[in-house]
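Protein chains in written order, with our numbering: chain A, 634 to 1050; chain B, 634 to 1050.
You may find that some hints are simply not true.
One copy or any two copies: either way a pair holds, since identical chains are not told apart in the list.
Said to hold, decoys possible - In silico SDA-like pairs for lysine to any residue, Cα to Cα no more than 25 Å straight-line:
1. K866 to F660
2. K736 to S653
3. K866 to S667
4. K717 to L659
5. K889 to T914
6. K894 to E728
It should be emphasised that the hints constitute simulated quantities derived from the structure, not laboratory data. Here the structure is a predicted model, which is why all the values come from computation and not from measurement.
Spelled out, the chains give:
Protein chains: 2
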Amino acid sequence: MSSNNNDSNSTIPATKERYSTFFTTLFCWVLWGSIIGIVVGSTSTLLINLNDYLTEVRQNNPYLIFFLPLGGIIIGYLYMYHGKGSRKGNDMVLEHIHHGQGKIPLIMGPMVFVCTFITHLLGGSTGREGAAIQMGASISESVNRLFKVNKIDRKILILSGISGGFGSAFGAPLAGTIFGMEAVMIGKTRYEALIPCFVSSFVSHYVAEAWGIQHDTFTIQTVPQINGINVLKVIGLSIIFGLISIAYSQSRHEIKSLSDKYLKNLMFRAFVGGIVLIALTYLIGSRDYLGRGLPMVNQAFEGQVPYFAFLAKIVFTAITMGTGFRGGEVIPLFFIGATLGNTLSFLVNLPTSFLAALGMISVFAGAANTPITAFLLSVEMFHGEAVTFFFMACMISFIFSGHHGIYAAQKIFEPKS
Amino acid sequence: MSSNNNDSNSTIPATKERYSTFFTTLFCWVLWGSIIGIVVGSTSTLLINLNDYLTEVRQNNPYLIFFLPLGGIIIGYLYMYHGKGSRKGNDMVLEHIHHGQGKIPLIMGPMVFVCTFITHLLGGSTGREGAAIQMGASISESVNRLFKVNKIDRKILILSGISGGFGSAFGAPLAGTIFGMEAVMIGKTRYEALIPCFVSSFVSHYVAEAWGIQHDTFTIQTVPQINGINVLKVIGLSIIFGLISIAYSQSRHEIKSLSDKYLKNLMFRAFVGGIVLIALTYLIGSRDYLGRGLPMVNQAFEGQVPYFAFLAKIVFTAITMGTGFRGGEVIPLFFIGATLGNTLSFLVNLPTSFLAALGMISVFAGAANTPITAFLLSVEMFHGEAVTFFFMACMISFIFSGHHGIYAAQKIFEPKS
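With the hints as constraints, model all of the structure from the sequences given.
If you want it as structure tokens, here you go:
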């Protein structure tokens, strides 16, 4: 299990040299992590502000949704002819870290930004952290090339770009620190990447804050007591959330593989996706499932949402992401989890806002296969409330989501059970 | 880096079989984790209650300290003639998980309990979580033999025994879940052990609570604001805490290797250790550094402690543990960190209780090389207050503690930097 790993004990050099190496390496990681953090924090600010603006434009001009198929064609065109292989997005970044072959195209960052803007302006159901992460990876790659870092270090630097993107996109530097390391390899966390990831995540978060970014906040009104009954309820709920995370990942993968089979042309594929989304919007007579859908996430914490809101969001997002639109899947996962939690409040006697929060965090934990990141996110988002329940929920949802997940390129080093 | 690991994707069997395997394995892990949790939670309760009682006896009978050298002889005798190799304690458990050779002697648990009781009754400077952890490992080994688990599973089961011991000893089931996995292998976290560790840690914690155990609480009066100055202060402090954690680990290792060289006989070694501790106690004219020393830890949060209390505790504990007395090192590390934090409050303008808490957590993070566990512990102990500072402190102390640590058998899979 462990014998074929390199054990550094045997190769530790003499003390003096060791300390000088330690401080040189530390200095480099802090420097690079900071540079990446400053740049990524700034680009994330641009992303967040412009996205918010475009969402406002969309809401003021309802007709824009009819341009969604056209937007799909543009996105398809961009990735077909100018993407240099970057259309695999997050999966490409993960694969690169595993195999280290080839280069991450620098165009990936700007490309995903433009396509995310188009998607948001025209109403695709998506988030934005995917864009922040891919931009982070592109920026790290630029730093790589600038400083001519060697191959192993390059991977670590890319991880730190991911951390910066996540930390600044969510205002969650703790979760950002761990996300890259945890997402890349389930079951094997690479602590040696800790320093640059930590620096980059915190720096990018504070840079974004310095630029004036304010993140969405959600509040748990009442935290239930820890007792046998409530623990059992949380366990049961977490299993449901874990299974729903599978439902989402599988829907998205299915739509993608159907498209790969029957709609090979990326432009036509996204065009069809756009048409279907318009049809669905008019079929259910609601625009609540377009864009990030934050108003309904808020409503899930404060009031009541339609019973099947979570299902609608699964369908809308799976189609949006499965046919090639861009953005990110975490916010949609929050939406799915929070609304499902809200719906379940009719069955389970627990405070609604607590159920919404629990759903939000655990659907993310299961779908992204990142229980520690999800837990840290809960600590940051809910200011350390209900930590025990969140911890349980993240672990259980992670376990029950099995080997399914939104990142196809994740490597599972040890079966979960 | 990753290519020589087994990638389970290639060996995933057909869907139906996969699910049945999943549920069978899950059921087994939950069952075994629960059994271990129930037993370990109960033995930890015994440990905690009896220890508290013996500490009271010691405080009411100051002359008992003169029996410390005699106690040392008894402990030395027990390990020499009845220990079956278990005198390496925690390190033995860690080594067993790495190499999987031989068996963990079942006697280890009862042995460490008895010796911890002797140490506490007579005034050695020690904690008790080492005893809880080794008892956990012994109990897991019994379950192993009872159920005839295969070799890989055995290691996981032992990890879950460690988790149960930690979770119940500190009333910290979150930290307990991760501790075993993180402590055993720095830089490589074995997620496949997550389920039994999680179950065992929570079950043992709640079993101990059901038996009436109440854990020590410490309160941060004021949490400083997050701003540039305070962040820089916390970074600087964490580096100091990280270096102090090295000071402790190295002192203990030094005393141990000196003893190995000059005091080969375990009875004579502990006898000498006892004499030195008596001499030191009368030299400084204080009994504050004997036993767990909780009153002074409390004082570090609420008032003022002697400037060099941290140094005295380092010396007392290094001698106690280095000459073969038993207990645990986490509470002494808390003591060292909290009193150092208190001392530093004269130099750094931050609330005293906050500094004590920060020191407590970061010295532990550095000495045990377990940043995530230490962070989770801070979340549990301080109810989610000041999480950002604690996270920073754990990471930085971990980084600066280098390859030093209290567990000699820890495996470092990747250099930290």
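Structure-based check of all given hints:
1. K866 to F660: Cα proximity of K866 and F660: across copies only (19 Å, versus 48 Å in one copy).
2. K736 to S653: neither (31 Å within a copy, 41 Å between copies)
3. K866 to S667: between (43 Å within a copy, 18 Å between copies)
4. K717 to L659: neither (34 Å within a copy, 43 Å between copies)
5. K889 to T914: Within one copy, since 21 Å is at most 25 Å while 72 Å is not.
6. K894 to E728: within (22 Å within a copy, 51 Å between copies)
Violated hints, in rising order: 2, 4; the structure is consistent with all others.
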